[in-house]
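> Sequence lines, in order, name chains F and Y.
Mapping to my numbering: the first sequence position 247 is 247, numbers consecutive.
Mapping to my numbering: the second sequence position 51 is 51, numbers consecutive.
Hint data in this document are derived by calculation from the structure and do not stem from the laboratory.
Just so you know, not all the hints are guaranteed correct.
All copies of an identical chain are treated as equivalent in the list; a pair is satisfied when it fits inside any one copy or across any two copies.
With a straight-line cut-off of 20 Å between C-alpha atoms, the simulated EDC-like cross-links for lysine to aspartate or glutamate are [to be verified]: (1) Lys258 <-> Glu79; (2) Lys105 <-> Glu154; (3) Lys345 <-> Glu257; (4) Lys311 <-> Glu257; (5) Lys179 <-> Asp273; (6) Lys258 <-> Glu341; (7) Lys314 <-> Glu357; (8) Lys149 <-> Glu138; (9) Lys165 <-> Asp323; (10) Lys174 <-> Glu186; (11) Lys128 <-> Asp331; (12) Lys241 <-> Asp313.
2 protein chains.
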Amino acid sequence: MIDPHRYCVIMCGGIGSRFWPYSRSSRPKQFIDFLGTGRSLLQMSYDRVLPIVKPENIIILTNEQYATEIRAQLPDLSEEQILLEPARRNTAPCIAWAAYHIHAKDPQASIMVAPSDHLITRETIFEKAILEGFRFVENHHALLTLGIKPTRPETGYGYIQVGPKAEGEIHKVKTFTEKPRLELAEVFVESGEFFWNSGIFLWKASTVIEELHEHASDLASTFDNANGLFGTPDELEFIEKNYPGVMGISIDFALMEKSQNVFVECVNFGWSDLGTWGSLYDNSPKNRDGNVTQNCAVMAYNSTGNIFAVKGDKLMVVEGLKDYIVADADDVLLICPKAEEQRIKQMVNDVRLAHGEKYL
Amino acid sequence: MIDPHRYCVIMCGGIGSRFWPYSRSSRPKQFIDFLGTGRSLLQMSYDRVLPIVKPENIIILTNEQYATEIRAQLPDLSEEQILLEPARRNTAPCIAWAAYHIHAKDPQASIMVAPSDHLITRETIFEKAILEGFRFVENHHALLTLGIKPTRPETGYGYIQVGPKAEGEIHKVKTFTEKPRLELAEVFVESGEFFWNSGIFLWKASTVIEELHEHASDLASTFDNANGLFGTPDELEFIEKNYPGVMGISIDFALMEKSQNVFVECVNFGWSDLGTWGSLYDNSPKNRDGNVTQNCAVMAYNSTGNIFAVKGDKLMVVEGLKDYIVADADDVLLICPKAEEQRIKQMVNDVRLAHGEKYL
């Protein structure tokens, strides 16, 4: 039986600029069937928590501009389950809003916060881990984050160093470390003490609100002003008026790196943030010729190691291309070596300077 | 004053498979504004002869499937000026048809036959050359072809070896040679005796009909059966019924390489058959970065020597690509090194085998 006091908040406001132009502001990554399964990453994230929380306890947090897309992709959601931020203010404000919103409705609530655009495999392990996490935070004043056992010295992720054991796989957090250099990442992985920061959080609504008062008091006091409004027709008006004025800050920086009550559950399911073309390539099935194709037919000659991501049914005919990204969507075509993908950000900036928002 | 007995037949039935998918059977090369001038190659071919023949004496020879496109691109043409072949039978049958058609209307007619998809520069030299050619064929029983002074040992063209001088720049033809190997082409160019075969012909209608009787008697007797029908409403019915049954053969093979009355006018205007991506690259203006772009905006990083041909207004963002063809149109995207363009033909065949005519 699913505990009716358990909630899941799916963060769905990202703009997906790293996969431009295949994903772009009008159609970011979470809305794309990135792995060719017939379900978008958001839909997969939603499906994944259905065995864990009641469907009516799933809340989608997103930007206003994606409301239509959310309703289309998740038609079972009621309007009360979609929280639309009127402006982008990073993760702390929207997580705070969700906590206040849920707490007003259910003071006993415990919440899992999950990204909408990551890949998770071995879902039975995932499910067991989340249930263990819920039990822990329901019995402790704890902010719990999930740490993934690293499989390689990845320099693109944040790492969590574990401290003393609390119970089961759950430990006090010793340190958070942002993307390390390779030498450091190698030491991290070898030590066995460091885990990848997954961006999946669990806590009681009351716990996170209390911690916000302590470590992000401006944010907390803004939402305190709305007590009595959450769940009423006035909530939206309050948000429209006050949300754009709050400071944009990440939940990691606002809370996780400051609080003394932060724990990590060390887990070992398959995970990728799919944050780069490289990770998408690594996590996608390859054709016989070693290419990854998204949404297109490909005839590849002397071409391997490429990722072809095309919006709309298209035929790609490619000769003599190795280890490139080819991304085609609407009115933009990007061709870039996989090894140079970190340059795409600069290219997007150049496109903005030259053409404004037209192609973004 | 323009001589009212002079005609121009523009051959416009090509399917443009060499530029697939940028040009394709539904929109072959001659209909594309290949050089970004605002006029298609066909329109440029039409414009080029307006100073030489009366507009009502310009005949377009094409395949039935392009009738709509021709009318759209050349709205000044009357229906009588468009000859629609019901089947593709190479150049000899359609040139024969045009000769009979024009001769029935004007037994004194002289005709220039010109491709619709070549590039010609230095048009005043072109104009002078054509006028000299008309004068020659009007005064001699001659099949005249224009030979272009070669500027490099091109292996993709046919060559004409000149014989004894007739008058001015006009000589008897000694030999025709198809695409030579490079060593041979180098000898050709050095000798000064060889000229590129331009596919531009001049002759009196009566001369070419007489020569057809001698060297392509089957073809001539087919059209002889239609005497009395040309220019009447019955002409079309005759063509629909009989044209598909004639043997497909080129005018070079049927006539030029057989007749004793073949002459070449040696000319020196700028010319390219734009028959390959390489020639299109060579003949097109380059961006600052050494790329050629057709119909698109390009932001190129560490990329040079490429040709980007895109149907529809599109932004290309390219990093680390050198000497490639990128051709994007509708539902096909081709990426191929310029040096491998001779392989595109095989790719098109593979596409046909795998997908039928859908992408051709």
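> Hints first: check each against the structure and report whether it holds.
Verification of the hints:
1. Lys258 <-> Glu79: For lysine 258 and glutamate 79, the Cα distance exceeds 20 Å both inside one copy (34 Å) and across copies (82 Å).
2. Lys105 <-> Glu154: neither (41 Å within a copy, 80 Å between copies)
3. Lys345 <-> Glu257: Answer is neither; intra-copy 27 Å and inter-copy 61 Å both fail.
4. Lys311 <-> Glu257: So lysine 311 and glutamate 257 fail the 20 Å test inside a copy (39 Å) and across (52 Å) alike.
5. Lys179 <-> Asp273: within (13 Å within a copy, 56 Å between copies)
6. Lys258 <-> Glu341: neither (33 Å within a copy, 61 Å between copies)
7. Lys314 <-> Glu357: between (25 Å within a copy, 14 Å between copies)
8. Lys149 <-> Glu138: neither (24 Å within a copy, 89 Å between copies)
9. Lys165 <-> Asp323: neither (43 Å within a copy, 59 Å between copies)
10. Lys174 <-> Glu186: Intra 18 Å, inter 76 Å, cutoff 20 Å: intra-copy only.
11. Lys128 <-> Asp331: neither (44 Å within a copy, 45 Å between copies)
12. Lys241 <-> Asp313: Intra 43 Å, inter 40 Å, cutoff 20 Å: neither.
Checked against the numbered hints above, the structure violates hints 1, 2, 3, 4, 6, 8, 9, 11 and 12; every other hint is satisfied.
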